[in-house]
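Novice: Numbering (the working numbering), first residue to last: 76 to 263.
Among the hints, a few may not be true.
Computed Cβ-Cβ distance ranges for the label pairs, DEER-style [to be verified]:
#, residue 1, residue 2, range
1, Thr100, Pro194, 35 to 43 Å
2, Ile254, Gln124, 17 to 25 Å
3, Arg115, Pro245, 32 to 40 Å
4, Leu119, Gly207, 39 to 47 Å
5, Arg143, Asp213, 22 to 30 Å
6, Thr142, Asp204, 17 to 25 Å
Calculated directly from the structure, the hints in this document are not laboratory data. Glycine included, C-beta positions come from ideal geometry on N, C-alpha and C.
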Amino acid sequence: WTIILGLSIIGALAVAPQAHAQTETDARQMFEEGNTHLQRAMRLRGSAQARELRNALNLYHQSLRVTRARSVLFNIAVCYEMLRRYRDAFAYYSEYLRIEDLSDDDRQSAESRVTNLRPHVALVEVTTDPPGATIYVDRRDLSPQGVSPITVATAPGTRRIIAELEGHDPAETNVESAIGETHSIALT
């Protein structure tokens, strides 16, 4: 497994998983502590590994509340992948891949991981005319998946895809999604 460790963790302050990042320094410390848990998880198996991955995720998500750092996005995806939470892993790798200035090696590594996840997730490729609509799956009161064009991992079954763009009427459609399949829809 490849993880992004960022700066050296030597001398880093330990931060309790329940703490909340408020500054970039706090976010960096939480990221580094998350890396410690992720490294431990990679040496463990079973429930001990899952516990370390959940601890890492808690710290990474706290860090992400301050800044959406690429290294945090990638490591969250790795944790979710190791926990076999493939939809979540796909979402975070996808957000990571939307970063424009990734190195060729970093982009290739993440693209390879996304390719390996595809058999484990139900995917819906969403385009809109015009592009740039905010995309929701099933309900507007849930977090948006991103903006179109976008490929989203969904739970299998009938899913309602909703697109909203300021100045336009909302558009929505149902799609039948299945693990290992990709369905394309266009909303106008």
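Novice: Hint by hint, say whether it matches the structure.
Specialist: Cross-check of the supplied hints:
1. The supplied range of 35 to 43 Å is met by Thr100 and Pro194, whose beta-carbon atoms lie about 41 Å from each other.
2. Between Ile254 and Gln124 the CB atoms are about 24 Å apart, so this pair conforms to the stated range of 17 to 25 Å.
3. At roughly 45 Å, the beta carbons of Arg115 and Pro245 sit outside the given window of 32 to 40 Å.
4. Remark: the range hint 39 to 47 Å for Leu119 to Gly207 is upheld by a beta-carbon distance near 43 Å.
5. Roughly 24 Å separates the CB atoms of Arg143 and Asp213, a value that falls within the hinted 22 to 30 Å.
6. Between Thr142 and Asp204 the beta carbon distance is about 33 Å. The supplied range of 17 to 25 Å is therefore violated.
Consistency with the previously given hints fails for numbers 3 and 6, ordered from lowest to highest.
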